[in-house]
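> With chain A fixed as given, assemble chain B onto it according to the hints.
Residue numbers (our numbering), protein chains in the order written: chain A, 32 to 172; chain B, 32 to 172.
Note that these hints are calculated values from the structure, not bench results. For clarity, every value in this text was computed on a predicted model and none was experimentally measured. We put the CB at the ideal spot given by N, CA and C, even for glycine. Hints may contain errors.
[What the hints assert, rightly or not] Below, in silico cross-link-like pairs of lysine-lysine (BS3-like), each with a Cα-Cα straight-line distance of 27 Å or less: (1) A:K168 - A:K33; (2) A:K168 - B:K147; (3) A:K147 - B:K168; (4) B:K168 - B:K33.
[Said to hold, decoys possible] Anything over 12 Å on all C-beta distances counts as not near chain B; from chain A, calculated: (5) K33; (6) L53; (7) D72; (8) R158; (9) I170.
Protein chains: 2
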Amino acid sequence: MKNMTPTEYRHFLLDRPRTGKLATVRSDGRPHVVPVWFDMDGETIVFTTWHQTVKAANMRRDPRVCMCVDDDTPPFDFVQIEGTAELINDAEARAHWARQIAGRYMGSDLAETYGKRNSVEGELIVRVTPTHILAQKAIAD
Amino acid sequence: MKNMTPTEYRHFLLDRPRTGKLATVRSDGRPHVVPVWFDMDGETIVFTTWHQTVKAANMRRDPRVCMCVDDDTPPFDFVQIEGTAELINDAEARAHWARQIAGRYMGSDLAETYGKRNSVEGELIVRVTPTHILAQKAIAD
Numbered sequence: 032m033k034n035m036t037p038t039e040y041r042h043f044l045l046d047r048p049r050t051g052k053l054a055t056v057r058s059d060g061r062p063h064v065v066p067v068w069f070d071m072d073g074e075t076i077v078f079t080t081w082h083q084t085v086k087a088a089n090m091r092r093d094p095r096v097c098m099c100v101d102d103d104t105p106p107f108d109f110v111q112i113e114g115t116a117e118l119i120n121d122a123e124a125r126a127h128w129a130r131q132i133a134g135r136y137m138g139s140d141l142a143e144t145y146g147k148r149n150s151v152e153g154e155l156i157v158r159v160t161p162t163h164i165l166a167q168k169a170i171a172d
Numbered sequence: 032m033k034n035m036t037p038t039e040y041r042h043f044l045l046d047r048p049r050t051g052k053l054a055t056v057r058s059d060g061r062p063h064v065v066p067v068w069f070d071m072d073g074e075t076i077v078f079t080t081w082h083q084t085v086k087a088a089n090m091r092r093d094p095r096v097c098m099c100v101d102d103d104t105p106p107f108d109f110v111q112i113e114g115t116a117e118l119i120n121d122a123e124a125r126a127h128w129a130r131q132i133a134g135r136y137m138g139s140d141l142a143e144t145y146g147k148r149n150s151v152e153g154e155l156i157v158r159v160t161p162t163h164i165l166a167q168k169a170i171a172d
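Bound-form chain A, shown alone (with noise of 0.2 Å):
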């Protein structure tokens, strides 16, 4: 196990489109993780949610979220970015990122259509600023 250079754990979250697994606090003290379509503002972690999902509510009372990203086979590399959460309602900075998230997951064909559906009124943008990130490569060797 080695730990990634900064130019590895770019490299590692942008270069093929994985997806992050968001993990946030729900009001009860329990966890909840789900997959997100994620891209990087420099080093902002930046991704849509539907204003009434539970992730949404969670960050809205706890901005404290980690995110991992992960290859799940051998060696097995692992990303895992805690950071704090901001929701914007924005209809510019939605239609730019949903576009843009929706072409590197489902390619640029289909961007267009993929970018509309997520940039819709309701829809809000999160962007994770990374206060700690923990980026290990060849976990099983």
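This is chain B only, laid out in the frame that chain A set:
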């Protein structure tokens, strides 16, 4: 998007050795999520953990966990299991499950080697009894 049938849910978790992303809550209320190698014993999720990890400390304090397993290629499938974790310190169970789980993720040739590595004194077996399951296929459709 459709719900998986119970049979599809089992196949999704067991046919390929996907990692589970296990979410727990830290003492200060922050969420924590890491990948785990798991197997199933009937409906129970089983994995091992070193007794001094963050996740072990979190589960000892609060046994409520949430685990996410996803297929991050279109059309995107995911399973989310909420449950209650029990930590077990038992040499026989440890030897059995460490080998069994290592075989799933590293292949039968390496099951022995990795099984031994994960069944030393200090490793615990974690058994998660599901309390709520969300299993959805073709999320992007």
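> Next step is simple, just say for each hint if it's right about the structure.
Hint by hint, here is what the structure shows:
no.	hint	in the structure
1	A:K168 - A:K33	holds (5 Å)
2	A:K168 - B:K147	holds (21 Å)
3	A:K147 - B:K168	holds (21 Å)
4	B:K168 - B:K33	holds (5 Å)
5	K33	holds (16 Å)
6	L53	violated (8 Å)
7	D72	holds (21 Å)
8	R158	holds (17 Å)
9	I170	violated (8 Å)
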